[in-house]
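Asker: Take a look at the letters that make up each chain.
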Amino acid sequence: MFFRRNNKSSKKKLNSDNVTENLTAEKIENLFSNMADFNKINLNTPGGNEYILYFLKSLINVDQLNLTVILPLLHGNKGSVPSSIGSIEVTEIDTLHKAMENLLTGSILIEDIVQEKYWSIVIPRDLSRSIDTSQQESILYGPNDSFVEQIDQNITLIRRRLPIAQLKCKDFTIGSMSKTKLYLIYIDGLVDSELLKTMEEKIRNIDYDVFLNSSEITSFLDDNKNSLFPQYQLSDRPDVIVSALSSGKISLILDGTPFVIAAPITFFELFQSPEDYVHRWLVGSFLRTIRFVAFLITLLLVPAYVAIATYNYEILPLQSLIIVLTYRSNVPFNPMIEAFAMSLILEILKEASLRMPQKIGPSLGVVGGIVIGQAAIDSGIAGPVLVVCIAISGLASFLVPNYLMTNSSKLIQFIFIGLAGLWGSFGMIIGLVFLAIHLNSLTSLDRSYIAPLAPFYLKDWKDVIIRSPVQLMKTRPEYLQTQNKNRTSSTKENIK
Amino acid sequence: MDRVNIINSKKSYFSSKHKIDSVMLALLINRVQVIHLIIFSTERLQYPHMVWLIILGGVISQLNIYILSRWLSSHMGKKGIVGIFDMFGDVFSKIFLFVWLCFMFIKFITISSAYIYLLHKYLMTQHPKTTLMLIFTMIIVYLASKGFSNTLKFTIITFVFSIGVLFLFISLIISSFVSVQDVFPLFGNIFNSNFLISIVLIWGIFSGPEYLIFIGPYIRSDVNIPKSMFIGNLLTVTEYVIFYLGTFIFYGADFLPYVQHSYISAMGYLQFRSIQRLDMIILPVLIVSFALFLAIILLSSFKAVLYIISSKNKPIENTPLFIIISLIFASACISFVLKVATTEIQALFWNQILLYVSIFTYTIIPTMMLIAFLGKSRRGK
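For the protein sequence lines, the chains are W and L, in the order given.
Mind the numbering: the first sequence is residues 40 to 535 in my numbering, read in order.
Mind the numbering: the second sequence is residues 18 to 398 in my numbering, read in order.
A hint or two may mislead.
Said to hold, decoys possible - With a Cα cut of at most 30 Å, we get these calculated DSS-like pairs of lysine-lysine: (1) L:Lys34 - W:Lys524; (2) W:Lys236 - L:Lys244; (3) L:Lys244 - W:Lys498; (4) W:Lys501 - W:Lys236; (5) W:Lys501 - L:Lys244; (6) W:Lys156 - W:Lys264; (7) W:Lys236 - L:Lys34; (8) W:Lys524 - L:Lys244; (9) W:Lys236 - L:Lys95; (10) L:Lys34 - W:Lys209; (11) L:Lys34 - W:Lys498; (12) W:Lys501 - L:Lys34; (13) L:Lys244 - W:Lys241.
It should be emphasised that the hints constitute simulated quantities derived from the structure, not laboratory data.
Just chain L, with the same shape it has in the complex (with noise of 0.2 Å):
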């Protein structure tokens, strides 16, 4: 059995002598979807049935979970990008990763710049938005710096920091002032004008897992990755059920189509006796399910970087050049704050193009790698 604990290891940003465990492998899964949700938001899907659009892209998800689920249980997917190599061959892993490398540049940048809107927007409207943008990613550097295994690790944290979140959630529609009968009617036409919108959204904030395909070497062997990432995606469903239908028992059906941002605002909604404004210290409290994921991605895209510049067996891993790519992945975001997304309807057109790449890649990475697969154990027999 491998050992459980995790050290920092200052030799290599990619060490892979402690790894996660099966309870860390679930939570992860859940903190990098939950984060399309909070971006996203299901207002957008108008009706209360549409619940079961959202189960029905829970279940269709979980069909992408298991193929990525079994990549990472294969005996490539545990050699993570060297895993890659064996099954594209030199040439074409080069192109994958490059491709690869291109989609998590717009990613980090537009999930990035879409939680500094939102902070923006809603709590820190007298700063400016490149100060914010610049300790978000003074953040996701630092966590990153840290190493592959330290930053897997603090999916715990992001946990325990964030799932209070949902706790407050469900206090605030259980409060008296709502009412249960705006969730009915729970069965209907989901097949209605608004279902092609609604399945896109749907299929959007189940996407990121598909960004931890390079984890394989940092889990442990003893670990059963398929149930783990079931675990993971079923929490993540059942957050979204809740929510969703918390929103409709708390804005109302009529109301609820003229809400931005339902997660949110929802939270301005939530107060103690003692504490008015709780959103004040849960949307920054956010940032750490955010810092979690762009910092995963800032790992995956340097350690692309280094399979790309170099040949397969000999990656010269250096910490200059995760300051390079840091910095440039910290320079993109503030520009792009600062001269691509500044008002508020670039902000919303960026968003949907983070939509459509997450769509994109949670459809594609899968497909991919079934193909690989299959054309793998053809060539096989």
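So that you can see chain W by itself, here it is in the shape it has in the complex (with noise of 0.2 Å):
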């Protein structure tokens, strides 16, 4: 009750936006004090006009400020505002809430003193950088372009990769305090009506103040929130959101961020790469089974070492048990604190390499790899075995290409390590099936996670481990239930 009545207030106080609240010069002074980049020109016509302009100088483009408002308005005629700079839009405000929204967002404020009147004129700084390669989906053949901070940039991507005049772009503005633009992308005739109306309301009730990343709102959309698997694809790649839109998918586009958000997914959507469509097909099939091995390896392979060195010792033929329990002879813990012990120590790596600088990346990686490693084998405290397992396990979870999925998977593998040293092998399965029944239940965007294999339908499966040749793969995936099922012109089913 406490919170609940602390959180009204603030609400109350955060939206206490003088909404209908007359403008006044005075009030706009008093609003923008203490502001050092709040700026008050004072502009006297040779026609005989007097205008205040008020602008955020941080906000705005001065360049243009300078040519396309105040040259015309110097030079203008007795007219009003909007017929003195004619050429851009110009729009009257008449409340305090309007104009603190506008200057806010990168508008400047005109008072027409003689005629007592306010107009906006929208005129934002550019600060997007220039379009460059993605850094985390790099592929070596195929587009190298990758979204940017700036939405309109972002937008402009896509529109050029998709021409039809059926891309809809809505417009909503999430966040109570960083009034964030948020786009919500679709090809009209093509998506579900049901999924869009599902991803609108999901839009309509977030409630926060500020987001500034578009995982911020995934966590707002996921419909399982506690679930450790991702249930909307990110990316930085035009043409990986170009294909989810063209395939039916909903995208929203945050500003202020370079990850474009599309929606729904499936599990084993995680596990593609386009790079799989440059290959040829049996190429591409083979890279991806190749990641859904490795994503059992990393699950697997590091349990499976505990679960062997502590009870189910008969699984391996002799042979090479002896070489396992030869080498852990030494080891003076069990299997299963030997294994979270080595299994922290790489987490501990991964983590300190990313948030290092690049140049001393590499070096920490040798430092690692080798002084580490060798050094526990040496000093008795892990298995040469173990070692080569959780170097094997490490690999292989960067080889799953989303990697909100590849952390996932590493702390799966915890858990994993703890059941398989509980109760060996049957541990193991137990937490195969506890993640399988969440698997199961999980849905994103209402759409079963783990769909073409349940519910079934076979016609997806062109395109899931095995990547058919794309002469084959005619029809959009079913569980998304798309209006147009064909994607090829000469079924007539044309998008409406």
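The task is to assemble the complex, starting from two chains supplied on their own in separate frames and drawing on the hints.
Answerer: See below:
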């Protein structure tokens, strides 16, 4: 109750927005007092007009202000501001709330003293960086451009690839303080209307003050907030997002972040990479299969070592068992502690290499890989077989293209190590069963997370583990329930 | 057409917004039947020609399956438990549900303890049965807590997990050191002294689908229920025949009568060059089929309790009640393995009880449905 009351009062304070309060110069100056970047310019024109310009210098394009606002006003006739400026959209403002909103989003406010009117003109400062290659999802062959922090530039990157009028873009503003722009993009006539409705409803229910990155939104959109698995795809590659849109998915672009959200996703889609479609289909399928195997190795290899070294000796043939146990005989800890310790060291190394300056990173890899690994064996902290297992599972974890999934799989591995230490192979299977039940019940935007396995869609299996030739993938995924299921135009079932 | 995606409805355990398709229904029938084979095995059938008895059992089971499928396809069956009220009336329905609940309770306890018995005997000898039972019931409750739709959807994963066992078994029976002549003679007198025991056993191993009488609301309207259930039963018959003949090929007709739990012990002989004891993986993997069936029973029991304690139209569904019922079932299972089924003889005794309960329910439920149907249609005329 205490917190609830507190929340209410804070909300009231933040929302005391003077929504209908009349606009006066004094009120504007009071509102923006103690703001060093707040500017006020008096402009007396030769034509006898008097204007006062209010703006936040940090948010507007000063060159554009001079060229497109001040100069036309100075040389303008006695008419109103819109007729003097002409080329740019000018909006009349009548409340303090609107004035504040516009000033804080890169507009200037013009007070026409003679006519006693206020006008707003949008001239935001362009802070976008140049389009760079994707750092997170780099591929060898294929497009190299990636999204940037500027929302309109991101839309441009998508529209260039999908020059169709059906590509719709609805705008929302989220964050009571950050007022962050959010675009919902979809292809009209393709996307399931139910899906769109669900997403819009979820967006409208978002209630938070500041949004700085896409992951913050996904936590509001997630169907299961406690799941370890990402329920939305984050990508900074325009080709990935365009591919998702053309499949009948929905995309969300948040201003200020280069990571665009695509939804819904399935568990199997997390293993897909744009590069799969660059290679020959057999090679692409092979690479994808390796990723699935690598995921299983990440989850199960180290726990299997623990299970074998603790309970299930008989699983291995005698020669292999001798190797494992001989090297382990010098280790004073039980296999579970040994595996926990070494996995933890690997995670520490990974985290350290992420946080360190780029030039030191490779050196750290050498220190971690050779010195710590070898030293751990020599000092008897860990057996060499475990070090090999840890190294293989560590490498395997990076094969999953989705980095969020990589980290989730490492956490699951720790749980599995614990279960294997407690109950051997039975414990591992228990872990897998719990995982399977969880995945089975998980949804992304109300769609089954493990489609096309359950519900079973036979046609969708053309692009799950095997990446069939593109010519054979003539239909869109069935689980998306798209309005137009065919990708080919020969069916005459065109987008409405 | 109904939407086929199944969502995790947080509002209801019984949300039927998203439904199962024909593939899931067929596999569900197959999986709930197969767990009975794992528990009872077939070594007591003794003669290879008894395979015809299995096929005959499958054919008769098909009749039961047909009656159940007619119920699930009917207007009343599609309403699930509400359909029971429509059929029997308020008072008789509550009596029926109470008796039904008792059987589900017995079935839940005996099946879970039978699996724990096998697990303890063949793999986890060093761990107390109570711990194993606790873990097992946790899995069941966790699966059931995801709701009826998600539990039924879990059928596909169950099938994927456990179908490998059949393939491994086939690889075992085609390995080099076994002799095919042990399956002969395939023709002989099936009406021998062992006939009654055999028919009872076979009827028992085909049971299971009668516990699915409440799943009507969760089946898509475009599913051909009789066809799907027929395929499911057919899969079971095929699996049983392969397994039964396989045990003869593998163990030999002379040795087989001395084998206990032929299904499980055969797995002890499965091995590859790199993995020598595959049963250490397979036996825990079988847990998924048991968990699926028992989660369905738990949810059906929960639903039955809801309708017994409240009126037909206003069942008060809530999580605390689900937790209470789950705790009752779990603690009953733990007490059972702790006090009642502790020795080998007691375990075998309860296996027999489970067999008779299975036979009884697989006979009575479809018969009741048939009689009620006939009565209803006669009244309609």
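Asker: Determine which of the earlier numbered hints do not hold for this structure and return their numbers in increasing order.
Answerer: 2, 6 and 13
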